[in-house]
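Produce the complete structure using the sequences and hints provided.
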Amino acid sequence: AQSVTQPDIHITVSEGASLELRCNYSYGATPYLFWYVQSPGQGLQLLLKYFSGDTLVQGIKGFEAEFKRSQSSFNLRKPSVHWSDAAEYFCAVGERRDDKIIFGKGTRLHILP
Amino acid sequence: GAVVSQHPSRVICKSGTSVKIECRSLDFQATTMFWYRQFPKKSLMLMATSNEGSKATYEQGVEKDKFLINHASLTLSTLTVTSAHPEDSSFYICSASRIPGQGQETQYFGPGTRLLVL
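Protein chains in written order, with the working numbering: chain A, 1 to 113; chain B, 1001 to 1118.
Some hints could be false.
[To be verified] Label-pair distances were calculated between CB atoms; the ranges are: (1) B:E1022 x A:I9: 47 to 53 Å; (2) A:S14 x B:R1010: 33 to 39 Å; (3) A:A1 x B:N1070: 24 to 30 Å; (4) B:R1010 x A:A1: 30 to 36 Å; (5) B:F1039 x A:S80: 28 to 34 Å; (6) B:E1063 x A:S3: 41 to 47 Å.
For the record, the hints were derived by calculation from the structure and aren't laboratory data.
All residues carry an ideal CB built from backbone N, CA and C; glycine is no exception.
See the structure below:
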């Protein structure tokens, strides 16, 4: 069965610093991969997704992620974080044969002023 | 953009009562809707897939008789927590898929419903 691992429960970075959130997946073939953000009191928002093609994916709010098949990873990056980026970030995987999305446990991002 | 709403946003009920949560796609038709449960500081757990006009497909370990799902129209799915108990307290989130067979690409999430069972 497919699964998603986000090894970091909490990450704290200073405003203006770079960010990388880790995500590893377990799946036999090439899955669909997603990053979502959940802000307090708000719904899930899709940051970016990878289906095929270029392994470096650009998303909204200045985020990007790179699919590395050899490492089964899909890490999320941002060159310079803003205080408004403080939120919960979820990596997710979907199978190509159905519409389900399986979520990782999330990483809470804290921003220091 | 596509908007999914949930009602109510918060509900408090007594143990033993049933609670209905609505999920609506406001500006598109959703042949498939999904229901998730999110425990505090935990991930979203897929509970079931709801297809319009047919029975829902439940994930392993989810009690069908406990969590009744109805997808009566292309814009509305309901989740009823029957005979609720304190352990059912959680954050319930729905999502709606806009294009059949491309669910992951066009899945839009609702804002969630906080259920507290006393």
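**Asked** Broken hints, numbered, in rising order?
**Response** Of the numbered hints given earlier, those the structure breaks are 1 and 6, listed in rising order.
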